[in-house]
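Peer 1: All chains should be modelled from the sequences, with the hints used to inform the complete structure.
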Amino acid sequence: MRVSLAIAATATALALVLTGCSAPQSSPADGASGAPEGDGELTLYVGRDEALVAPLIEKFTEATGIEVTARYASSSELNALLFEEGDNTPAEAFLSQDAGALGSLSNAGLLSKLPADLTSIIPAGFTSANGTWLGITGRARVIAYDSETVDAADVPKAIAALTDPKYAGEVAFAPGNASMQSFVTALRVLDGEDAAEAWVKGMSENSPVLTEKNGETLDLVNSGEVSFGLINHYYWFEDAAELGEDAMRAQLAFLPGDAGGMVNVTGAGILKGSKDDPDALAFLEYLVSEAGQQYFVEQTYEYPLLPGVAAPEGLPALDSLVNPKLDLSDLESLSQTQELLAKYGLL
Amino acid sequence: MTEHVIEVAAPPVGSRRPPPALLALAILACAVSAIPLVYLLVRVSGGAPDEIASILARPRMPALLLNTVSLVVTVTLSSLVLGMLTAFLLVRVRLRAQRVWIVLAALPLAVPSYLAAFGWLALIPGMQGFWGSFFLLTIVSTPYVTLPVAAAIRGGTTGLDDVARTLGHGPWRAFWLGTWPQIRPAALAGSLLVALYVLSEFGAVALMRYPVLTTAIQQAYGASFNRNYAAILAIILVAIAMILVFGEQRARGRVRRQFGAVTGVSRVRMVSLRAARIPSYLLLAVVPTCAVGIPVSVLVGRLLQAETLRELDVLSLGQAIANTLGLALGGAVTAVLLAIPIAALAARYRGRVVRAIESTGYLALGLPGIVVGLSLVFFSLAVIPALYQTAIVLTFAYGVLFMPKAIGAIRSSVAQVPESLSDVARTLGYSRWQTWRHVTVRLARPGIMAGAMLVAVTAMKELPATLLLRPTGTNTLATELWARTDVSAYGAAAPYAAALVLVASVPAFLLSGARRGRTDEVPS
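Chains as they are written, first to last, in the UniProt record's numbering: chain A, 1 to 347; chain B, 1 to 524.
Calculated directly from the structure, the hints in this document are not laboratory data. Small disclaimer: the values here were computed from a predicted structure and weren't measured. Glycine is no exception: its CB is placed at the ideal position from the N, C-alpha and C atoms. Keep in mind that the hints are not guaranteed to be accurate.
Said to hold, decoys possible - Some but not every residue of chain B turned toward chain A, in silico, with C-beta under 10 Å:
{"no.": "1", "residue": "Ser54"}
{"no.": "2", "residue": "Arg173"}
{"no.": "3", "residue": "Tyr221"}
Peer 2: Printed below as a string of structure tokens:
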């Protein structure tokens, strides 16, 4: 109890400091002062696991008194739902599993512009370039390998190597997955269109094992069905928490500097109709507060994006993975990536 | 026996025109069920023609189409064979513990395909592709054939077989001539449900990593947010559904002209198993074991070995059970109300309009839940925004989604009510409405109840439309299960999986007909 009070106090103090530092045009809607002028209620769409987010929301309500009504579904379903609802959406804010969903909502003009004092909390490159959504956590792309058949030293240091015929039928990935697609986009941005096309072509000709989800990919590696899987790093930690670390046949290899080891972000945005809604803003502020960030670190093993919060133990430093030549806002050309994947029969 | 001859010789059904009120109600129900189709047309018309052309020309498209069609054809055929054999064994053969077998045959209906897939994957992680999907979908959809065929055999007679035997035909030939025509409409109707179910199925095929049109639709919503692409794929599903529905209708139409409704009191000859006993019991055991026994016990096993035994929140489990029951019941009532006018029309009248109404009513069943869900988001926001994200719209969605499942059962039970009875009631001074209420509905009640139960059991398992349309904060067993399998927390999922299967077993049990017992197998 005392700990959570301390966290709440820290969060409020932090929010106060941050708003204090902000530009002079601080609008009355900036509800971080502890006395929000909203209706004290927030309707939230959550594209992440309920077991993960519900306790966080409870802490938020405890800290701010704002009652939250949350609607849980997958990010893609909620994204489709938000598109369908358009201006009639009852949602005020959207917490998304991936930045791509937020980017597409932003492009369709469905998100409101966030105040600069909020967006400036998260370092550039990990949040939206146009200030319509806020990066919350980072997730690294990794190679999961079967430690019973592959030596750690033999795991490729770059995904380019996986087109080698000796890996035929041994690599699993989920081409429809948003993180996977943003990695291919990163490959196009970093290594050029020709190199990316060569890689996609090479993979498609190397009898890849196609899955629907990262979790399935990891299951395949963990059961020894395939030697390698391209996934996000935290899936391994989730499985390890469920099955026990000793039961994990799959191990992870991080790929610093390689497009295949890029860092994606999860994020949140405020819907257009709720622009500057103090309750929604307070929630976003809470997500990037020390308390909120710490919660994600402990529960999901994702990278915190707030400077000063330590990454989960056992993970390479975020800075070591980030490729300075890559900006997340460069990853919006998703449709070209999909065309590329479709061209070689992967989508 | 004489009665059969009279029935066959009776003038073909549909020499009269349908009453305007019935026609109007049927058209209304048909319009409601066409909401998803209208929505898809709106979406597709939003796309540029070149875009549509380039989507259709994608290299992956032929593969998706081929995979979809081959799965539909093979699963339907295997379910048809398995279901007919099971039905025959259940009804015409002297079995030990017959009622137990009858219940077991219906039980796979209570297991969501994604749950069966989870269980099997936990057991055999390498299971995948066409064969995995074929196996899973066959075992979970066989009851769609078993139940109506068993009911038809139960309601029929072996009298015509006996006539064939006395005329010198062998037992198989006699079965073909005597019994098959009686069960053919039921077999066709069941097969149609299986085929449409396979067409729209997403959960199991996705877990089996078998790329079909529904998984591509999910991906289109998932990563590309390309609604037009998703809508085009869904329209292809509708086109396939249309072919299936028309095919079934044509086949059934011929049957009815030949034989009419076979009713009347007659004796049923039971078969003794003798040498075929062991294979027969094995056959009866295969489907329930694979669809229910193995997945459920594997998940329960996971529950026992999971390291993170999360505390079970009994209150939220109870709340989820109550929500599931309430919503499924509402969905069943809505579906039956929508299905009755269409089924009554199709049972009693013929003609192009009647055929068109009936087939349109079936089409939504070929669409995945996410498409129907989104169409109702679109519809309710456009027409009745106040009801958006309320239980009313969700039960309405269940009605639209699953109304076709009730049509078949209601249609055949209405068709079995002799028209002469209605005529007598009319001559005795009943109005059309009174006749319908006091004569037809009363006699057709078992079919109407069966339709309602079939919708209820399906609605309990429904996930994608429920996620989109449920009132914010309302959980059902299916959504709770989804929330727990999404993070591969099998341990935490198991209680909800068990609760869902148990709750859904109730309508499945009622559907099985085990309650009716053997004494009143022959309807009067």
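Peer 1: If a hint holds in the structure, say so; if it doesn't, say that too.
Peer 2: The hints, checked one at a time:
The criterion of a C-beta within 10 Å of any C-beta in chain A is met by B:Ser54, whose closest approach is roughly 9 Å, and the hint holds. For the restraint placing B:Arg173 at the interface with chain A, the shortest Cβ-Cβ distance is roughly 49 Å, beyond the 10 Å limit, so the hint is violated. A least Cβ separation of about 4 Å between B:Tyr221 and chain A falls short of the 10 Å threshold, and the interface hint therefore holds.
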